[in-house]
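Chains B and V, in that order, give the protein sequences. FYI, the numbering for the first sequence is 1 to 110, going by this note's numbering. FYI, the numbering for the second sequence is 111 to 1049, going by this note's numbering.
A portion of the hints provided could be inaccurate.
To be verified - Take a look, some chain V residues computed to stay more than 12 Å from chain B by CB distance:
#1 Ala161
#2 Ala178
#3 Lys983
#4 Ile1044
Stated by the list, open to error - According to the in silico footprint, chain B covers these stretches of chain V (three or more CB under 8 Å from chain B):
#5 164 to 173
#6 487 to 500
What the hints assert, rightly or not - In silico DSS-like cross-links for lysine-lysine, where the CA-CA straight-line distance does not exceed 30 Å:
#7 Lys480/V to Lys441/V
#8 Lys189/V to Lys200/V
#9 Lys200/V to Lys75/B
#10 Lys87/B to Lys116/V
#11 Lys172/V to Lys75/B
Keep in mind the hints are simulated off the structure, nothing from the lab. Ideal placement from N, C-alpha and C gives every residue a C-beta, glycine not left out.
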Amino acid sequence: MKKQKAELLQGTLELLVLRLLRSGRFNGWDIMQRLQLVSGEVLSVTPGALYPALHRLEERELISATWGPSDNNRKAKFYELTAAGRKQLDAQRKEWERFSGAVALILRDA
Amino acid sequence: MLSRLKRRFRALFRKHQLEHELQEELRFHLERDVAQNIESGMNPEEAHYAALRSFGGVDQSKEECRDARGVRLIEDLGKDLRYGVRMLLKHKGFTIVAVLSLALGIGANTALFSVVDAVLLKTLPVAEPEALVLFEWQAGRAFRIGGMTGTSSVPTPPGTLGLSLFRYDVFEKMRHARDAAPDSPLSDFFAFAPIPEVSAVVGDQAEIINGQAVSGGYYAGLGVQPVLGRGITDEDDTAGAAPVVVLSHQFWQKRFAANPAVLGQQLKLNKLSFTIIGVTPPAFTGTSQVDYHPAVTVAVASEPLLQGERSNLGTANRPGVWWMNLMGRLKPGATSEQARDGLNGTFQAAALEVMSPPRKANEPARLEPKDYPHLITESGSRGMLDRRRRYTPTIYGLFIVVALVLLIACANVANLLLARAALRGPEICVRLTVGAGRRRLIRQLLTESVLLSGCGGAVGVLFAFWGKSALVTLADKNTGILPNELDLSLNWRVLMFTLAVSLLTGVLFGLAPAWRATSLDLATSLKQSRRTTGAVSRLSRGLIVAQVALSLLLLVGAGLFIRTLYNLQRVNLGFNQENLLLFRLQPQQGGYKDERLIEFYQQLLARLDYLPGVRAATFGKVPLIADDNWFNDFLLPGETEQTAERHETMRQTVRENYFATMEIPLLRGRSFTAQDDRHAPQVAIVNQSFARKFFHNDDVLGKHVTDSGDREVEIVGIVADTKYRSQREELKPLLYTPWQQEGEMIGEMSFALRTTDEPTALVTAVHRAVRELDSNLPVTEVSTQTARAQATLGKERLSARLLSFFGGLALLLAAVGLSGVLAYSLAQRTNEIGIRMALGAQTANVLRLVIWQGMKLVVLGLAVGALGGYALKRLLASQYFASSEWQSQIAEQLYGVKGTDPATFAVIASLLTLVALVACWIPARRATKVDPLIALRYE
């Protein structure tokens, strides 16, 4: 039986990335691994979607990037949250909770 | 924000490094994936492909990452520009035609906008001009205010009053009221007024210059710092203060060679010495009307020294006149309404004190408060507004004309682009097929057209430079279309305007072709060859029709003005204008008055009478057909000031031989004689219109009328009507008096010498005759009567020339467009024409076919233009569109010809048809020259 994977809503990937980066400084591959780990196999995220999202967040100065050695001692690009990113995350999370709460409410009543 | 800018900068200029980093980042990810896959037991090759598969499109991902950099637009723009320049260089002929037509359109608009800027937009070069308020006043009833002098254009419906002029005593009361109020909204309050025609003697050279009188607070209130010396202060503006004068920078340079040692020197103005105390900055040309730049400025207190008996401040037995402009500077935060309300009470009281109530006939039972004079305020940031108001309709009219020319140029270039877009069909088709976005293509095509219009704008600025000097030359004193001494400069406002117009036109003419070019049906266009896409598109035909219609409008306008000019040049003036030499003297400014003035004139006339080549010498106060004017109120027999309504007549005062010299026929009664002097009974001669209007057909001779100033004159003769002010003006009542009986009014005189031969041969003799009597007296306005009459038609001539020029330009552009579109369509039909000719079609048949294809559009354009013109006329005549002031100005442009004159229309339409025929014939002729064999193999 094929597993149903949910398509990501626009902007949701960015929210997830922000949330992940709150717990530390990671490179792209790490983020990918964690995304798969955290969301189980429910959400479908490809690296092809992840990297543009990272670059967009960087352009908006919500995250910042530095080059450093990875755990296998190769040079890799590491991302971390900026102060603006932290604020954005809080705001978006509240928004998301309100939204999903409302949807859940409707779905339950209906 | 700063770091983002830095990143953008890096993205633009360190592109390679960024690309490298992106490459590294993604490779790192893939390598980790591969390593993981190998760990889970795949072989290296499998591991590699699995990693790539799970990544989901490496190249798309890279492209998206590049997009995220936020400089994609700029990068693309750079590419488009480079490509655009290459395309334009490749098609040089097309580029030159397009850039030139745009440059003409944009240049004309830029030149005219510099006029708009100078006349309507430019603020005074003073400290914070926005804080200046200009005072004017209105009254709901026609109070009698006594004398006034100056320019005023405050709107006055019939039976009301409105002036931008004030009496000095009224101003003084207002100034005291302001000084007494500690919380007045005005920090400064001052008055100024022109004193036109002051005679100045520098060295031994006499000349007539423009002067100005200002109150003591003028320079301080404006915040104008003289570049040399000081401005006029309150101490200078007190009775009995030593007379001082401030020079304009221009006058200082012209007459004193910019010598700083002028300070403290004496300058003789109207024979009186004034001490030079300062020179104003070069940019500051005064606050007066847009075309009045005073060379010398004196204090109001010195004005009686210059004007003597005729002082505007008034004398012991004559009240002052309304002549000064008032301005104030608002304190920070204060509004002009507060300034108006603060002074209104004082103004009303002071004004009512010096005004007489309206005449009985006009007076209502009771005056309402709104009928009393009250202040109004306008922005003072641009100086006086009256002349600016007057020029506005003409300038906007001209603007419509140049905007039409630009539209035609746009249509032209759009058409050329459409033709080229069709030729580029295959290229665009291939680009679309390999996946170029349509928006991206439109953007690139638009870049090309904006590039074109940008070049057009740049060349247009050059054209504007020339056009500007042409405008300044055309705008001489006599045209009245534009202010003289106009200071036109290509400042940043003008250049911004040009830039905006260029960009706008680029998008305007580029959008439609770009849209069309990219809306190809890929499947069919790839299959089709060029030979079947021969028809000229509907859009392209529409543009030709529009061009023809617009050209027709402009050319009909030109035709109407040429007819007007022709008619006016043939108007019967009522006197013989051949062989008349004119000049003007103002001896009263040299100190002549009363007996001495009369004696001076008599001596001069005696000399002129006996100059060789002079048949007769005479003078009158007002030169004829010179846009000069003198009129006043008078009373008919039995009327008094209190009962009478206003009767107005034109005035003239002349030497006794005036009618004989000018060859104006005497119809009844007698002419003036040398015995009609100051001691003889006061007499007058009237023209036919006067007799007809005021005395119907009664016998006028022997009737007494009361001239202004309670002077009763007996009418002793009737002369034939003449044109007075201009060729255009209708015949009006005119009252002549003998010059020696005018008392105070004789001052300056306009001489007329009837010569036996060419009048200009006598100019040196006249100068010598005047110099022999007084070497310090300038002889001005030397001209022949025919030249003067021509100069008075300057406005009409300028209109006719400008419209002919722009109409011709429009016609040329339309012809080029028509020719180009036909040539393009024929190039595509080469094949078809070859077949026709191979099958035996005659050259004439083919010619007719092609020419008819073009002429259909021309005929349609003529029809559209005619309808459009009619609609435009209706629109202009409707009250909703234009104010009545505008309408009267529009209406008085034409003379002896109607706006819908069928003859003019017919002539212009045939001219246009003829030009269009030639424009069609040239490409058609070339098409028939093609060898059928070559034509068939074509493509």
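Evaluation of the provided hints:
no. : hint                 : in the structure
1   : Ala161               : 9 Å, violated
2   : Ala178               : 4 Å, violated
3   : Lys983               : 58 Å, holds
4   : Ile1044              : 56 Å, holds
5   : 164 to 173           : holds (count 7)
6   : 487 to 500           : violated (count 0)
7   : Lys480/V to Lys441/V : 29 Å, holds
8   : Lys189/V to Lys200/V : 17 Å, holds
9   : Lys200/V to Lys75/B  : 49 Å, violated
10  : Lys87/B to Lys116/V  : 23 Å, holds
11  : Lys172/V to Lys75/B  : 19 Å, holds
Figure legend: structure checked against the earlier numbered hints; hints not met, in rising order: 1, 2, 6 and 9.
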